[in-house]
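Q: Next come the chains, spelled out residue by residue.
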Amino acid sequence: MDERITQEARHFIDTIKRFVKDECMPAEDAIEQTGRLPDGLIGKMKDLGLFGLRVPAAYGGSGMNLLDYCYVIKELSKTHDALRAVISVNNGIGSMAIVHDGTEEQKKHYLPLLASGDYIAAFALTEPGAGSDASSIATTAVKENNGWILNGMKHFITNAPIADIFTVIALTDKEKRAKGGITAFLVEKSLKGMRIGNIHNTMGGKGWLQAEVIFEDCFVPDKNLIGAIGNGFKIAMKTLNEGRLSAAASAIGIGERLLSMGIEYAKLRKQFGKPIAEFEAIQWMLADSATELYAADRMLADTAYRFDQGEDIRTQSSMTKLFATESAFKIADRMLQLHGGMGFMKETKVERMFRDIRAYRIFEGTSEIQRFMIARELLRG
Amino acid sequence: MKILVTVKRVSDPEAKLKIKPDGLWIQTEGVKFVVNPFDEIAVEEALRIKEKQTGEVVVVSVGDKVVTEQIRAALAMGADRGIFVNYAGSYDSYDIANILAKIVEQEKPDIIILGKQAVDDDMGQAGFMLAELLGYPQAAFASKVEITDDKKKAKVTREIDGGLEVKEVELPCIITADLRLNTPRYASLPNIMKAKQKPVKELTVESLGVAVKPRVTVKKLSEPPKRKGGVKVESVQDLVSKLKTEAKVI
Ligand SMILES: Cc1cc2nc3c(=O)[nH]c(=O)nc-3n(C[C@H](O)[C@H](O)[C@H](O)COP(=O)(O)OP(=O)(O)OC[C@H]3O[C@@H](n4cnc5c(N)ncnc54)[C@H](O)[C@@H]3O)c2cc1C
Ligand SMILES: Cc1cc2nc3c(=O)[nH]c(=O)nc-3n(C[C@H](O)[C@H](O)[C@H](O)COP(=O)(O)OP(=O)(O)OC[C@H]3O[C@@H](n4cnc5c(N)ncnc54)[C@H](O)[C@@H]3O)c2cc1C
Chain A
1 MDERITQEAR
11 HFIDTIKRFV
21 KDECMPAEDA
31 IEQTGRLPDG
41 LIGKMKDLGL
51 FGLRVPAAYG
61 GSGMNLLDYC
71 YVIKELSKTH
81 DALRAVISVN
91 NGIGSMAIVH
101 DGTEEQKKHY
111 LPLLASGDYI
121 AAFALTEPGA
131 GSDASSIATT
141 AVKENNGWIL
151 NGMKHFITNA
161 PIADIFTVIA
171 LTDKEKRAKG
181 GITAFLVEKS
191 LKGMRIGNIH
201 NTMGGKGWLQ
211 AEVIFEDCFV
221 PDKNLIGAIG
231 NGFKIAMKTL
241 NEGRLSAAAS
251 AIGIGERLLS
261 MGIEYAKLRK
271 QFGKPIAEFE
281 AIQWMLADSA
291 TELYAADRML
301 ADTAYRFDQG
311 EDIRTQSSMT
321 KLFATESAFK
331 IADRMLQLHG
341 GMGFMKETKV
351 ERMFRDIRAY
361 RIFEGTSEIQ
371 RFMIARELLR
381 G
Chain B
1 MKILVTVKRV
11 SDPEAKLKIK
21 PDGLWIQTEG
31 VKFVVNPFDE
41 IAVEEALRIK
51 EKQTGEVVVV
61 SVGDKVVTEQ
71 IRAALAMGAD
81 RGIFVNYAGS
91 YDSYDIANIL
101 AKIVEQEKPD
111 IIILGKQAVD
121 DDMGQAGFML
131 AELLGYPQAA
141 FASKVEITDD
151 KKKAKVTREI
161 DGGLEVKEVE
171 LPCIITADLR
181 LNTPRYASLP
191 NIMKAKQKPV
201 KELTVESLGV
211 AVKPRVTVKK
221 LSEPPKRKGG
231 VKVESVQDLV
241 SKLKTEAKVI
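Chains A and B are the protein sequences, given in the same order. Heads up: the first sequence runs through residues 1 to 381, numbered per our numbering. Heads up: the second sequence runs through residues 1 to 250, numbered per our numbering.
A hint or two may mislead.
[Said to hold, decoys possible] Each computed SDA-like pair below joins lysine to any residue, with the alpha-carbon atoms no more than 20 Å apart: (1) A:Lys-17 / B:Gly-30; (2) A:Lys-17 / B:Val-10; (3) B:Lys-194 / A:Pro-56; (4) B:Lys-196 / A:Ile-13; (5) A:Lys-44 / B:Asn-182; (6) B:Lys-16 / A:Met-261; (7) A:Lys-108 / B:Pro-190; (8) B:Lys-194 / A:Asn-65; (9) A:Lys-17 / B:Pro-13; (10) B:Lys-194 / A:Gln-7; (11) A:Lys-21 / B:Gly-229; (12) A:Lys-17 / B:Phe-33; (13) B:Lys-198 / A:Ala-57; (14) A:Lys-17 / B:Pro-184; (15) B:Lys-232 / A:Gly-273; (16) A:Lys-270 / B:Gly-229; (17) B:Lys-32 / A:Arg-4; (18) B:Lys-196 / A:Gln-7; (19) A:Lys-46 / B:Val-10; (20) B:Lys-194 / A:Ala-57; (21) B:Lys-196 / A:Lys-349; (22) B:Lys-194 / A:Asp-14; (23) B:Lys-196 / A:Pro-56; (24) A:Lys-21 / B:Asn-182; (25) B:Lys-52 / B:Asp-110; (26) B:Lys-16 / A:Asp-14; (27) B:Lys-196 / A:Glu-8; (28) A:Lys-21 / A:Lys-46; (29) B:Lys-32 / A:Ile-13; (30) A:Lys-349 / A:Lys-46; (31) B:Lys-32 / A:Glu-8; (32) B:Lys-65 / A:Arg-10; (33) A:Lys-21 / B:Asp-110; (34) B:Lys-196 / A:Ile-5.
Hints were generated in silico from the structure; no laboratory data involved.
Please take these sequences and the hints and turn them into a complete structure.
A: Here it is, written out as structure tokens:
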């Protein structure tokens, strides 16, 4: 394990290893079949402090740095992806805007609820007309008296059906857009004029939901503004910046689990009178996968560490997310192939993980958008 | 109620171990170390007793500086404070029992719980020796522990061949923990953070007045013999004759 990970985090990662093996892995099939997370398991995750890893200690969390956090997430990702998702949204995109830019009153009220897991958070940026080009959003917030009136529709919003609070990114100035015309709002689920639309039916990701969020003349009071008016685009980008490393950490965790399953199967499965591990074709699948995981892991540790030192790692964060998620998808494909027909069957968990990992190349910025941002930096000036 | 629990630092039972070239111990480089699993069970039991009775759980470990990691691990589970006996040399079970006896004199706990054995050298003697040195009653290999309402006795259930045995011992007493006594709790992140602030007292064997002189020394370690592939026999007669002539077991 990376030398720079703190002693406390190592200790906690050991705890999570045991928790994943003893409690989460046995629940995977049930989660996949029912699409629900068992209450008992969520209770234990609350007790472990998983919902508040990144929330500062002053607000009821543990205030982990990004490096330590990423390696906890990596370990948690070795089980059903829904268990990782519920944790990484509360610690990441769901709470980061409040942590970085919220008022003292917002922090005092909401962060302890998020850290304990009593509140579930969501982050609502994407719209039917605005995905990769987030600056083209059409959800508007218009000033009225001591608040704002929101109108518009978000989609693909993770946790929306179960969330208690949403960070909503809306347009406050159509001319300025990303340059001072976009603002972040904190919206409680109980607000009048806000509702959850369709729940998307997805390829993978059972147990964690995406849905539409619709605003129809929804009044949001001034005190629910996050950061300054016009600062919302920056806030959203800062939130995603950290989220990319968390996505990379998950992809590496999933990749490592797949590789160990592949190694085990290759030693066990015999064809042509010997374990398939003795065929060079299989060995190369394992070797390439291990090599990519090693590289991705080093990128993650280095980038997260530099983030914690206060460096600007936007480009490295894109590189890490791109490489880790693309690699993890290739690894999932190879390990499925290595399992032969069995890899296609739901008896093995490879089939599920293959579907789950697919989304990682899309959310938190598609692979193309990561490349676009890396190249823009290379060609600048 | 004050409970003293021992925690030994041992190599991770799941680690693949290699023997050092001199054959006297294992190679420790790159090996992960953990709290002896039976000691973890002992800590858990102490915490459960404390939660029912109120009181204090004190953990003690002997070794060089690195064993404080295992003390912190026990503190993160919920123990209140630690005692670190700084001693880097080699020792045997009797040395440990002598050191623990001194700690007991200082701390005067009501109950002392040890793991039934350490999974590295599997000696399993410290608990018995400590009871002898202190003249305390003991109940080894506990699978269940109950404290009587008057807090004067412990009822300890032990798994024996073909059944259960229940012992009643007067406090102060020594209990050693068996595998099925309980399932140790997880150390939550908030508790791991809190453990950093908990007090750990450092002592030396000299300050305790113990002269460590191991009577048992390790002469040689060797790996278990590699399993040879089996053979298929054609018939029962064949099997019986092989058992007689080759295996010489019947
Ligand atoms: C499982 C899941 C969970 C999600 N959770 C959330 C959430 O909680 N909150 C939220 O706000 N959003 C969420 N999203 C939305 C996600 O962020 C978007 O799907 C993603 O940003 C891509 O936007 P899009 O789907 O509109 O695709 P589009 O932007 O329409 O892209 C279509 C294709 O065009 C490519 N493309 C677009 N622009 C360029 C360019 N300039 N150069 C090259 N190629 C380009 C893309 O890479 C992609 O291949 C989630 C998505 C998924 C799949
Ligand atoms: C959707 C589906 C439908 C099917 N329908 C039928 C059907 O109707 N009837 C029927 O009889 N079968 C059917 N099959 C079975 C299919 O033909 C086998 O799954 C396929 O031949 C692979 O065999 P296996 O699954 O046992 O994998 P294995 O042979 O165990 O292969 C495991 C891995 O080892 C590799 N491997 C094996 N040998 C070597 C070697 N010498 N060198 C290098 N690599 C090697 C394989 O390429 C694979 O990656 C079906 C399978 C699927 C997935």
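Q: For Lys-17 (chain A) and Phe-33 (chain B), compute the direct alpha-carbon distance and say whether it is at most 20 Å.
A: It holds: about 15 Å lies between the C-alpha atoms, which stays within 20 Å.
Q: Assess, step by step, whether the Cα of Lys-194 (chain B) is no farther than 20 Å from the Cα of Gln-7 (chain A), and give holds or violated.
A: holds, 13 Å
Q: What's the verdict on Lys-108 (chain A) and Pro-190 (chain B), does the C-alpha distance respect the 20 Å limit or exceed it?
A: holds, 18 Å
Q: Regarding the pair Lys-21 (chain A) and Gly-229 (chain B), is the alpha-carbon distance no greater than 20 Å?
A: Roughly 32 Å between the alpha carbons, so the hint for Lys-21 (chain A) and Gly-229 (chain B) is violated.
Q: When you check the alpha-carbon spacing of Lys-270 (chain A) and Gly-229 (chain B), does it fall within 20 Å?
A: holds, 17 Å
Q: Sort out whether Lys-46 (chain A) lies within 20 Å of Lys-349 (chain A), counting only the CA atoms.
A: The given pair, whose Cα atoms are some 26 Å apart, is violated under the 20 Å limit.
Q: Straight-line Cα separation of Lys-196 (chain B) and Pro-56 (chain A) no greater than 20 Å?
A: The hint holds at about 17 Å.
Q: Hinted pair, alpha-carbon criterion (20 Å max): Lys-194 (chain B), Pro-56 (chain A). Please report holds or violated.
A: Satisfied, since the Cα-Cα distance of roughly 15 Å is no more than 20 Å.
Q: Keeping to a limit of 20 Å between CA atoms, is the pair of Lys-194 (chain B) and Asp-14 (chain A) held or broken?
A: Within the cut-off at roughly 17 Å; holds.
Q: Measure nothing beyond the straight line between the CA atoms of Lys-52 (chain B) and Asp-110 (chain B); if it is 20 Å or shorter, mark the hint as holding.
A: holds, 15 Å
Q: Would the hint linking Lys-17 (chain A) and Gly-30 (chain B) be met if the CA-CA limit is 20 Å?
A: holds, 18 Å
Q: Holds or violated: are the alpha carbons of Lys-46 (chain A) and Val-10 (chain B) at most 20 Å from each other?
A: At roughly 30 Å apart (the allowed maximum being 20 Å), Val-10 (chain B) and Lys-46 (chain A) break the hint.
Checked against the numbered hints given earlier, this structure breaks hints 11, 19, 21, 30, 33; the rest are met.
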